[in-house]
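Colleague: The listed protein sequences derive, respectively, from chains A and B. So the first sequence is numbered by the working numbering: it starts at 1 and just counts up by one. So the second sequence is numbered by the working numbering: it starts at 248 and just counts up by one.
Hints were generated in silico from the structure; no laboratory data involved. Idealized CB from N, CA, C, for every residue including glycine. Careful: at least some of the hints might be erroneous.
Computed list of lysine to aspartate or glutamate pairs in DMTMM-like fashion (alpha-carbon distance at most 20 Å, straight line) [unchecked claim]: (1) B:Lys278 <-> A:Glu218; (2) A:Lys194 <-> B:Asp272; (3) A:Lys194 <-> B:Glu274; (4) A:Lys53 <-> B:Asp514; (5) A:Lys53 <-> B:Glu509; (6) A:Lys50 <-> A:Glu90; (7) A:Lys50 <-> B:Asp514; (8) B:Lys278 <-> B:Glu377; (9) A:Lys50 <-> B:Glu503; (10) B:Lys524 <-> A:Asp58.
Estimated spans, in silico, between C-beta atoms of each pair [stated by the list, open to error]: (11) B:Ser395 <-> A:Glu83: 37 to 47 Å; (12) A:Arg39 <-> B:Trp311: 48 to 58 Å; (13) A:Glu90 <-> B:His370: 46 to 56 Å; (14) B:Phe464 <-> A:Glu83: 39 to 49 Å; (15) B:Gly527 <-> A:Tyr199: 49 to 59 Å; (16) B:Lys524 <-> A:Tyr203: 50 to 60 Å; (17) B:Lys278 <-> A:Ala197: 21 to 31 Å; (18) B:His370 <-> A:Arg202: 57 to 67 Å; (19) B:Lys278 <-> A:Thr152: 35 to 45 Å; (20) B:Ile443 <-> A:Asp84: 40 to 50 Å; (21) A:Ala197 <-> B:Ala273: 21 to 31 Å.
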Amino acid sequence: MGLLDQIGPVMVGPSSSHTAGACRLALLARHALGGTPSRARLVLHGSFAKTAKGHGTDLALAGGLLGFVPDDPRLRNAFDHAEDAGLELEFVTADLGDIHPNSVRLELTGANEESVSVLGSSLGAGFVRVTQVNGFDVHVSGAYHTLLVLHTDRPGVIARVAGVVADDDGNIATAFSARQKRGGHAMMSVEIDKPLAAYATRYLAELPYIHWLRLLPEVMRGAEERVTDTADPPVSANWGDGSEVQQ
Amino acid sequence: MTLDELSRSLGKASEAVLENEVGGDAEERRKLLATMRSRIDEMRDSIRRGLASKEPSRTGMVGWNARTLHEAADPLNSPLLKRVQEYAMAVNEENARMGRIVAAPTAGSAGTVPGALLGVADHLGIPDDELVMPLVLAAGVAQVISKSMFIAGATGGCQAEIGSSAAMAAAAITELLGGSARASVHAAAQALMNTIGLVCDPVGGYVEVPCVSRNAFYAVHAVSAAQLALAGVESFIPPDEVIYAMASVGRMLPPELRETGEGGVADTPTGRRVALKMAGG
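Kindly produce the complete structure, drawing on both the sequences and the hints.
Modeller: Structure below.
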């Protein structure tokens, strides 16, 4: 944890875990979808379920989905902004099992009916972790630029992705990959020190056995180095039919 | 890094913290110091807004305390104490209104460091540029604490949040006023040792009561710790052992006293009434 995470972030109150962290999780989910959702179902777990309203967690989640960062004063009126943006919000509470007490599952649907499900936790002091995307285990901290790739489980696919990152002079900080079953679909999450160049993501999307990919921004930066919010997806291949990729 | 290592720094403790973070990278160093400098401006801005407003928070439990104190006379003839309390509550009332603040280390404890450090600096007429390195040391103290325990009320109780913020502020003030690295670390240790056991019992789960007044109290607590350390009074228990003691007490705290809003002042007839009213509306 850096010094600027201890005196920081600069944020809209009242809670670093329940407001800033929730906003960051929603920002990551928005980028996993590839733009502003038209519908969002937010499933709140544990302390998020108990104290969401008191901590502005609901507003922070809505704001993050709209691309607002934790210090954006619009977070206070995020519901009004959601209405203007045509974002339908549904908050429900549920026991999501043996996970961190500050957790939420964001089930998002976009304008073209594309959808994504993101499970994440707020760890305290604004730190977050996304643990699942569309049912696949991932490791995303938001402290780096993250490449998410859905691919077929075949020899060499991971190496080719790592090779493209290397060719773009990207340094891999962490890498995680998990598959449904041998030869089935697999998801890899690769945290990189710098954003992957547009030509590199376009090339990756053309490779055989790669079905979908997304670049998630580094969301841990403070107000001084604001996250550039690119609403449009870098590339989009098909998920196939939704059931295929759910575990 | 441990507090013991920090206390044995040859130069200023803040310099050791910075060296540990950026090594010899001059550009990283420049960027970090520039950002830290801008965080002082952010703190100032939140204090200014907080002192100007009496707008109630969402629950209506807080919102006017900082301004009320600001407008009041000073019957104790203690302008430092008054200023420190005003600044601390101003930041936390802004926080409760969903205003813009700097988490230090958390949002719930965001008033302590600016209250104590900026309060002391303004009392003595010290310019903001001189607060940058002390703030780096404050962040370094939080880094050391966070290696032993999660700095979150939900895991360690309020001692983890406000205790950390008071320790950070105490070390920063001590260095600002010319204390040695060893004195700064002992100021942090004194602040921590005398916060052990403090529970997190927010009424209705809101970061308002007791959080706002608690920041005023622990900003003063940080100034007390700095005063002892600057006089050469040291913590008998070595600073790193104090952190372990606090982490251990945190693990002993029942969940009711760790940010669930189910114990302490949250579990009083009035506290429960607020929780009920807010849940309904």
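Colleague: Are the hints correct? Go through all of them and say.
Modeller: Here is how each hint holds up against the structure:
1. B:Lys278 <-> A:Glu218: Holds - the C-alpha atoms of Glu218 of chain A and Lys278 of chain B are around 18 Å apart, at most 20 Å.
2. A:Lys194 <-> B:Asp272: 18 Å, holds
3. A:Lys194 <-> B:Glu274: Holds, at about 17 Å.
4. A:Lys53 <-> B:Asp514: This hinted pair holds, its Cα atoms lying about 19 Å apart.
5. A:Lys53 <-> B:Glu509: Between Lys53 of chain A and Glu509 of chain B the Cα gap is close to 16 Å, so the pair holds against 20 Å.
6. A:Lys50 <-> A:Glu90: 16 Å, holds
7. A:Lys50 <-> B:Asp514: The given pair, whose Cα atoms are some 15 Å apart, holds under the 20 Å limit.
8. B:Lys278 <-> B:Glu377: At roughly 17 Å apart (the allowed maximum being 20 Å), Glu377 of chain B and Lys278 of chain B satisfy the hint.
9. A:Lys50 <-> B:Glu503: 13 Å, holds
10. B:Lys524 <-> A:Asp58: 18 Å, holds
11. B:Ser395 <-> A:Glu83: 37 to 47 Å: 45 Å, holds
12. A:Arg39 <-> B:Trp311: 48 to 58 Å: Because 40 Å falls outside the window, the suggested range is violated.
13. A:Glu90 <-> B:His370: 46 to 56 Å: Between Glu90 of chain A and His370 of chain B, where Cβ atoms are some 51 Å apart, the hint holds.
14. B:Phe464 <-> A:Glu83: 39 to 49 Å: Cβ of Phe464 of chain B to Cβ of Glu83 of chain A: about 41 Å, so the range 39 to 49 Å holds.
15. B:Gly527 <-> A:Tyr199: 49 to 59 Å: 56 Å, holds
16. B:Lys524 <-> A:Tyr203: 50 to 60 Å: 58 Å, holds
17. B:Lys278 <-> A:Ala197: 21 to 31 Å: Hint holds: Cβ distance 23 Å, inside 21 to 31 Å.
18. B:His370 <-> A:Arg202: 57 to 67 Å: Distance hint for His370 of chain B, Arg202 of chain A holds at roughly 59 Å.
19. B:Lys278 <-> A:Thr152: 35 to 45 Å: 42 Å, holds
20. B:Ile443 <-> A:Asp84: 40 to 50 Å: Because 49 Å falls inside the window, the suggested range holds.
21. A:Ala197 <-> B:Ala273: 21 to 31 Å: Roughly 27 Å apart at Cβ, these two residues keep to the hinted range, so it holds.
Hint violations for this structure: number 12 only, all remaining hints satisfied.
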